[in-house]
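K.L.:
Now for the letters of each chain:
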Amino acid sequence: MNALIPLYVVIPLASAFIMAILGRLIKNIGKVVVVVELLFLTCLTLFFMLKSQGTLVYRVGGFPDVGDIPIAIYMVMDGLSKLLLLIISAVGFLTALYSVSYTREYTAERKFYILFSLMIAGMNGIVISGDIFNIYVFLEIAAISSYILVAFGVEKHQLEASFKYQVLGCLASLLILLAIGFIYWGTGTLNIADISRQLPYSAPFVKFVSLLFLVGFGLKAAIFPFHAWLPDAHSSAPSPISAMLSGVLIKAIGLYVIFRLFFSMFALNADIAMTIIVLGTLSMIIGGLMAIGQWDMKRLLAYSSISQMGYVVMGVGIGMLILVRNGSQTIAAFAIFGALLHLLNHSVFKSLLFLNAGAVEYRTGIRDMRKLGGLSEKMPITSKTSLIASMSISGIPPFNGFFSKLIIILAAVQAQFYWLAFIAVAVSIITISYFLKFQKYIFYNKPGEYDHQIKEAPLPMSIAMMILALLCIMLSLMVIPSLRDQFIFPAVNVLIKNLQYSAAVLG
Amino acid sequence: MIPFILCLILFLIGLYGIITQKNLIKIIIGLAIMEYSVNLFLIMIGYVDGGTAPIFAEKFHIGSYVDPLPQAMILTAIVIGLATTALLLAMAIRLYRKYGTFDIRKINSLKG
Amino acid sequence: MKGMTIIVRKVTQFIAPIIFLFGIYIVFYGHLTPGGGFAGGVIMASAFILQILANGEILDKLRKEESGLEFLESGAILGFIIIAGFGLILSSSFVFFSNFINKGVIGKLLSAGMIPLENIIVGTEVCAAITTIFIALVVYKDEVAL
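Chains as they are written, first to last, in the numbering used here: chain A, 1050 to 1556; chain B, 466 to 577; chain C, 195 to 340.
Worth flagging that the hints you see were computed from the coordinates, not collected in a lab.
Possibly wrong hints are sitting among the right ones.
Derived lysine-lysine pairs resembling BS3-like cross-links, with alpha carbons at most 25 Å apart [unchecked claim]:
1. B:Lys-491 / A:Lys-1213
2. A:Lys-1160 / A:Lys-1213
3. A:Lys-1213 / B:Lys-571
4. A:Lys-1205 / B:Lys-491
Chain A on its own, in the form it takes in the complex (with noise of 0.2 Å):
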């Protein structure tokens, strides 16, 4: 069964290059390879979600340990890397299943689905590593795919968004590379296991570390100072893309690494503990107030990204600052559900919306709201699938956003945080005002100036919409003990137990 593991990075890399050589000769081969193999990767992430259980370690090249050093590059899959694989698998799917049908009017289609193939490795690669130098390495394979692919269209607002993204996402990577240095500087090895274990912490360096990292992995989940991108790029991306990017490109490559990174590597501090919350909170706050004067569909969309993302930063917050002050376990632990839970909520049906907006940009050509309006008749499917993943964002019941966010707001309230309880309901609030402006200029207004003779979105990109609809409404069952035990409690009891982590792994 551990032979299996490095699968998730070979079988996408590989198609992509049997796309660029066989694409010349049989046309269409790109659509259908990246559907199947993301459909082939996410069984084999439901096989081993449900089959094993504890940590699974693989080395590459087999070389064995030395004494009691590890030489071999590592590949780790627990509970965390379970629960990202599952998300970046299957929300791949859907969204290769849309662009199957929009990608018709771009003149390079061919290379559209290698880049595509190229992140899914890349992402991929970076949440089943198990030492920091592998994880820098992947993390440049998917930014540079996903720089390509914002300015996939070459227009001038595309362009000039994409520049400003890697202006940014490469000052982010010199950052991450210095700090990998001072750790190699510190301790002489590069495995997350084996740096847990020899690292001096009281020194004050350890400090510097933890906020050049900080700085560096948060430009790239767009945490509240470090924003100024995610408006841009995700707006002026195409579509499919920008479901990609909003909903898996910032949780793997940035809340991932994070988590991973403060509670398996460095020992708990109450100093980040305290900076992480706040930074959680400043995020949800602007991204909620700047979300409501928007004109722009998709840009509002974007805004509304950073908001959620605060909500899982600060529920995990504050479970590491009940962690710190040896609290009682139970409040982290419900905590720390809560906010794993937001991220597997927010993923769907924030792809959900950015297809449905994509949907109706390829039928009408408009973007601003102003001049839409009256499509709930024309367009039945995602007028209906729009209004399911607003109303589960918003946190009404019985959708599955309603659950993740009770769950955070009631562990704040029981760890006695009231104000942070306070400020998550007054940013629910707010969230409702500015997706219910959403709805009505887009699909309930009168119609605008558009051409009246439009019809349904085409049928492959109804059957994604319409499967991850679908998903909203079943995710709400992951409340009840026996799918919870199965899915997500593994994730939470390898950040709870995080010193369990380098036993696991070298044994």
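On the provided structure of chain A, position chains B and C as indicated by the hints.
P.N.:
Below, chains B and C without anything else, positioned relative to chain A:
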């Protein structure tokens, strides 16, 4: 101690270039200078006093080599830097064709 | 793009094969001396770039979409993955990337298992990639699909 301070000065020169310059090409050159300074810092970490190049010969003795692991890391980082710079330059050429200028104060069609 | 004078063109005709041969030497001895796949690949690419810069008229043949370079590059990476996959099948413990070819005497040219093969593949790939970057940035002056 002195080489590390010089590395920091090079890093700050690159950062100054990114923040204050208004020509696209000068911003890209600033990023390249920052990259060189981080590579230089990583190589200096592995230095052992009086060491020789880490090539395996007949009369070898472990303590006399400089550390080869940062050298492998730097090769990878140089390749990644090459790819990033090439992509930035291609974007700059396309931007020049669309907007007609390299000045970032005039390339602002996205607002809000 | 105009070419250069006839003196430059004749000297390039002598020198470019020697540069290419030097690049191949660095790739082949990559497991014994410094260099290896990446550095040798860049030197091999510089021989091609020197030819393009010296003779301007070759460029008329490069106007259409250059497909040979794309095949070479993708084929090289696939070769890398296939050799790594052979390690999975032929080694004794089902491990990816294991060094399964006979590891000869240290210090001779034919030693160290599959590392010289991987060096050759990486050298080819880097040469194709850098030549593609040069052609894409310099030669394609009109609107070509991304």
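K.L.:
Compare the structure with each hint and give your call.
P.N.:
Results of checking the hints against the structure:
About 14 Å separates the Cα atoms of Lys-491 (chain B) and Lys-1213 (chain A), which keeps this hinted pair within 25 Å; it holds. Distance restraint check for Lys-1160 (chain A) and Lys-1213 (chain A): the Cα-Cα separation of roughly 22 Å lies within the 25 Å cut-off, and the hinted pair is therefore satisfied. Restraint check: the Cα-Cα separation between Lys-1213 (chain A) and Lys-571 (chain B) comes to about 14 Å, which is no more than 25 Å; the hinted pair holds. With a CA separation close to 21 Å, the supplied pair Lys-1205 (chain A) and Lys-491 (chain B) stays within the 25 Å bound.
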